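Undergrad: Spelled out from the first residue to the last, the chains are:
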Amino acid sequence: MNAVDIAKAVAGGKMSALDATEAALARIKQHDGILNSFTEITADRARAKARVIDADIAAGKEVGPLAGVPFAVKNLFDVAGLPTRAGSKINRDLAPAKRDATLIERMEAAGAVLVGALNMGEYAYDFTGENVHDGPSRNPHDTTRMSGGSSGGSGSAVGGALVPIALGSDTNGSIRVPSSFCGIFGLKPTYGRLSRARSFPFVASFDHLGPFARSVTDLALAYDAMQGPDADDAACTTRGLEPTLPLLANPVSDLRIATAGGYFQNNLFPEAVEAVSRVAKALGATRVVDVPEAARARAAAYVISTTEGASLHLDRLRKRPNDFDPAVRDRLIAGAMVPAPLVDRAQKFRRWYRAQFAEIFKSVDVLIAPATPCTAPKLGQVNFKLDGVELPVRANIGIHTQPISFVGLPVVAVPVPLEPLPIGVQIIAAPWREDIALRVAHALEKMDVVAAPAPRGL
Amino acid sequence: MAAEALDDYIDAVSKALALPVEEAWRPAVRANLEVSLRLARLVDEFALPDETEPAPVFTA
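Protein chains in written order, with the working numbering: chain A, 1 to 458; chain B, 1 to 60.
Chain B extracted, bound-state conformation:
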């Protein structure tokens, strides 16, 4: 994602979560989000069967 598009996303989520992001923090937040999304993409790319359960399983 281009830096500008990611900044728009950060602004939108920041509003939706009522989570303030000061301008001075933005470069570090963006850099961290880039890392998180890059690593998440690595997981996302790995195809799993539809039936796969998440690791934590609730016990009633």
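Chain A with its partners taken away, still in its complex shape:
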């Protein structure tokens, strides 16, 4: 059941919040042995919260738009009573969080019920969903394949229909990549839109939080519930609420939609080309717009990520290097060694590149681009062959997402249900226009061009 249907049934007294919660817990019990998407199941807390909602309904009190909707969060969100492990071994020694992350508080204020914390790539420096400490979260359509990272558990849990909504983070693609591989919808909002307060960081310049769902309505419902300023996150906007749900069904015929050209049309497997072409065709998008210097933008995003990540973890690298995933450790150590002027230049280039997008958005409302170059690779797969050239998988999964999050543009990743595996497409809008990206995603859903397929691997 989708979130909107659960909330309607619960608010209307047709289903109890406790029943909705028990059903989610039962699904997790049945399937998560295989999917490995959860690292913590907060069953007691969930049942207690559900009982409160049911009591409120029985007392005739008003309940929120997510009443009784089970959800789960990537384990870099603070959950009161749990150490925030952020996919690591080291953070398990942290004191338990005293207070939930802001976004959990907002979801629960709207009536949602937290059922657990989700597996992720160590410290979010990952595109595969594999985790050396907890084992990989698995793709719900083929459990021998990657869920995508770093919000792998979020992709796996929603793709596997264990929960209708999950929250994750996206620094370079970590919401959009698992959405693509697991065949679900994901929203990476504008940089600064949703509060990151009480979540474990990675790259302050690029860190975003956002929701995953199996329908655009559910995605908008969760997103709207989480909006709003928050003094506890220095980067969070002071803009007021800009609800998207009431605008979802507005026509898209007045929007100027183009496909991103050049860089975004290269390094693609035929599935990605097919997915972008289906979306463009459905939207009548014939124009192709070049994004200048996208390859350099990806390079600058890489440099800023590796250096800010290294700065964040410097002390842990000194004291507990052997407790890291070795691959993450060696990337971070290298990041600590990049000369400072090169990082400053990357941040200056970022301002220049931002101005290029401002120019593009004068004549375009929406850009279409691939979310990943390929469908989900096999777990442990190291290389893939593209146009006859052997390329490393890890380094290339995020090449089409990085130049977009680099300048904080809002993106809805929409799933094109190809056989045997789904693949995502990025619907990119101008800063602060999540409403437009969601509207286009909704139109594509109505046209049956995009949809979250039932899990095929369970």
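Check before you lean on any hint, since a few could be wrong.
So the derived label-pair ranges between C-beta atoms look like this [what the hints assert, rightly or not]:
| id | chain 1 | residue 1 | chain 2 | residue 2 | range |
| --- | --- | --- | --- | --- | --- |
| 1 | B | E22 | A | L391 | 24 to 34 Å |
| 2 | B | P54 | A | V52 | 42 to 52 Å |
| 3 | B | A16 | A | A95 | 29 to 39 Å |
Far from chain A, by Cβ distances over 10 Å, these chain B residues were calculated [what the hints assert, rightly or not]:
| id | residue |
| --- | --- |
| 4 | A3 |
| 5 | A5 |
| 6 | E23 |
| 7 | A60 |
The calculated lysine to any residue pairs, modelled on SDA-like cross-linking and capped at a C-alpha distance of 20 Å, are [said to hold, decoys possible]:
| id | chain 1 | residue 1 | chain 2 | residue 2 |
| --- | --- | --- | --- | --- |
| 8 | A | K348 | B | E53 |
| 9 | B | K15 | A | A340 |
| 10 | A | K319 | B | R26 |
| 11 | A | K29 | A | E40 |
| 12 | A | K319 | B | W25 |
| 13 | A | K385 | A | T144 |
| 14 | B | K15 | A | N322 |
| 15 | A | K378 | A | P420 |
Since the hints were made in silico from the structure, they are not lab data.
Keep in mind that this is a model prediction, so the values were computed, not measured.
The C-beta atom is built at its ideal place from N, Cα and C for all residues, glycine as well.
Got chain A sorted already, so can you dock chain B onto it with the hints?
TA: Using the frame of chain A, we list chain B on its own:
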């Protein structure tokens, strides 16, 4: 940069930052640093006016 010169650089920064690099990790650290520097060079090569501000701007 030749592998040897990069190894010297890794040793020097490792000391300056008090950041240990065990011999077994060195090949992976070097390979990652080569990638980071190659990508940084791509950014470095792009000429920008002296007046260009970095993307993050401090607000007092």
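Undergrad: Next pair to validate is A/K348 with B/E53; report whether the Cα-Cα distance is within 20 Å.
TA: 6 Å, holds
Undergrad: Does the structure keep A/K29 and A/E40 at a Cα separation of 20 Å or less?
TA: Within the cut-off at roughly 12 Å; holds.
Undergrad: Is the hinted pair B/K15 and A/N322 satisfied, with a Cα-Cα distance of at most 20 Å?
TA: Holds, at roughly 19 Å.
Undergrad: Could you tell me whether the CB distance from B/A16 to A/A95 stays inside 29 to 39 Å?
TA: 32 Å, holds
Undergrad: Holds or violated: A/K378 with A/P420, Cα cutoff 20 Å?
TA: Holds. A/K378 to A/P420 sits at ~13 Å (cutoff 20 Å).
Undergrad: For the pair supplied as a hint, A/K319 and B/W25, is the alpha-carbon distance within the 20 Å limit?
TA: Roughly 16 Å separates the two Cα atoms, so the pair holds.
Undergrad: Can you confirm whether the C-alpha distance between B/K15 and A/A340 stays at or below 20 Å?
TA: Answer holds: B/K15 to A/A340 is near 17 Å, not above 20 Å.
Undergrad: Over 10 Å to the closest beta carbon of chain A is the bar; see if B/A3 clears it.
TA: 14 Å, holds
Undergrad: Verify this label for me: B/A5 is non-interface relative to chain A, using a Cβ-Cβ cutoff of 10 Å.
TA: About 13 Å separates B/A5 from the closest Cβ of chain A, which puts it past 10 Å; holds.
Undergrad: State, for the Cβ atoms of B/E22 and A/L391, whether the hinted interval 24 to 34 Å holds or is violated.
TA: Holds, since B/E22 and A/L391 (Cβ atoms, about 29 Å apart) stay within the stated range.
Undergrad: Assess, step by step, whether the Cα of A/K319 is no farther than 20 Å from the Cα of B/R26, and give holds or violated.
TA: 18 Å, holds
Undergrad: Given the hinted pair A/K385 and A/T144, is their alpha-carbon gap at most 20 Å?
TA: Since the Cα atoms of A/K385 and A/T144 sit roughly 19 Å apart, the hinted pair holds (cutoff 20 Å).
In summary, this structure violates none of the numbered hints.
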